[in-house]
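Trainee: Sequence:
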Amino acid sequence: MRVDCYRIVFAGRPPARGGGACALGFGALLGALLWAAVPSAHAQEPSTGNEPLDATAPATWVGGREGSVIGGCGGAGQVGKGFVVSAGLGGRLAALPVLTTPPSPMTMMGMTTPTTTPTSSATAADTSAGPKWNLFLGYKLCRVVVGLNLDLLVYSPVGSSNTVTSFLLAPEVQVALARSRDSRAELLGMVNVGLGQTAGFFQIGGTLAPGVRYWVHRHIALSTLLGLQASLTLQGKAGQTVLLSLLGTAGVLGAF
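Following this note's numbering from start to finish, the sequence shown increments by one per residue and tops out at 256.
Just so you know, the hints here were simulated from the structure itself, not pulled from any lab data. Since the model is a prediction, treat every value here as computed from it, not as a measurement. Honestly, I wouldn't trust all of these hints.
[Stated by the list, open to error] List of simulated lysine to any residue pairs, SDA-like, C-alpha gap at most 25 Å:
no.: 1; residue 1: K237; residue 2: C142
no.: 2; residue 1: K81; residue 2: A250
no.: 3; residue 1: K81; residue 2: C142
no.: 4; residue 1: K237; residue 2: G211
no.: 5; residue 1: K237; residue 2: D182
no.: 6; residue 1: K237; residue 2: S156
no.: 7; residue 1: K81; residue 2: D182
no.: 8; residue 1: K81; residue 2: Q197
no.: 9; residue 1: K81; residue 2: T224
no.: 10; residue 1: K237; residue 2: V158
no.: 11; residue 1: K81; residue 2: H219
no.: 12; residue 1: K237; residue 2: T100
no.: 13; residue 1: K81; residue 2: K237
no.: 14; residue 1: K237; residue 2: A95
no.: 15; residue 1: K81; residue 2: G200
no.: 16; residue 1: K81; residue 2: G211
no.: 17; residue 1: K81; residue 2: P131
With the hints as constraints, model all of the structure from the sequences given.
Mentor: Take a look at the structure:
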């Protein structure tokens, strides 16, 4: 005899012969559906914050700030703190004397006569381009790098076969003004002021330059800078010269 399960279960008709088996089967199906729904509902409940941390989970950002992760202020792409050594190669691309003080006059027997300007003064004020090397030693603390920089410039004055050497030893500060989300690419600002010598004359100089730096490894970065250097050369009785130069440098940095 055919049993109409729909009429027995949903229409409320009295079960005929075999109808008990039909109701029992429907109850088993309904129970299985409820059992499958319980784990799904539990998974959608909000977290209470008391669950154990997964040791394999990646580092999380602290405070939503870029470049700051748990365990250091450097970020995932670079070391946060450490000693720094850097070497670079570049050059003086152009130079312009913006102020030249003439030789001081000399008074003899009531008569004022100008002193003779030495030929070396023209060499000191020469604006020839030339290659430049630099060596930097310092310390990195998060976004700031401080240290001591040595610049060495070698050039030949126009119309001369002589070689002139200029060096400047200066405390330097580098700051990462902006940083990519993975902490690898940075926009830099650099400033230094120091003392040195040019063609045998005392020199005071300073450099202000923007640049970019990219960390190819957590401890190694490539950088390039392009900026202006102002220098005051004191030539004794021959006067003094203020020179404004355009400098460019590319280098490699290691932080350990």
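Trainee: Could you run down the list of hints and mark each one as holding or not?
Mentor: Here is what the structure says about each hint:
1. Our distance criterion of 25 Å between C-alpha atoms is broken by K237 and C142, whose separation comes to about 47 Å.
2. The hinted pair formed by K81 and A250 meets the criterion: a straight-line CA distance of about 23 Å does not exceed 25 Å.
3. The suggested pairing of K81 with C142 holds, with an alpha-carbon distance near 6 Å, which does not exceed 25 Å.
4. The straight-line distance between the Cα atoms of K237 and G211 is roughly 39 Å, outside the 25 Å bound, and the hint therefore fails.
5. The suggested pairing of K237 with D182 is violated, with an alpha-carbon distance near 56 Å, which exceeds 25 Å.
6. At roughly 24 Å between alpha-carbon atoms, K237 and S156 fall within 25 Å of each other, so this suggested pair holds.
7. As the CA atoms of K81 and D182 are separated by approximately 17 Å, the hinted pair is consistent with the 25 Å bound.
8. Under the criterion of a C-alpha separation no larger than 25 Å, the hint pairing K81 with Q197 is inconsistent with the structure, at around 33 Å.
9. Pair hint K81 plus T224 holds up; C-alpha atoms about 21 Å apart against a cutoff of 25 Å.
10. Using a Cα cut-off of 25 Å, the hinted pair K237 and V158 holds, with the two alpha carbons roughly 24 Å apart.
11. Taking the CA atoms of K81 and H219, the gap is near 10 Å; set against the 25 Å cutoff, the hint holds.
12. As the CA atoms of K237 and T100 are separated by approximately 13 Å, the hinted pair is consistent with the 25 Å bound.
13. With a C-alpha separation of about 48 Å, the suggested pair K81 and K237 falls outside the 25 Å cut-off, and the hint is violated.
14. In summary, the hint linking K237 to A95 is supported, as the alpha carbons are separated by about 23 Å, within the 25 Å threshold.
15. Of the supplied pair hints, the one linking K81 and G200 is violated, its CA atoms being roughly 39 Å apart against a limit of 25 Å.
16. Proposed proximity of K81 and G211 is supported: the alpha carbons are some 21 Å apart, at most 25 Å.
17. Between K81 and P131 the alpha-carbon distance is near 32 Å, which puts this suggested pair outside the 25 Å criterion.
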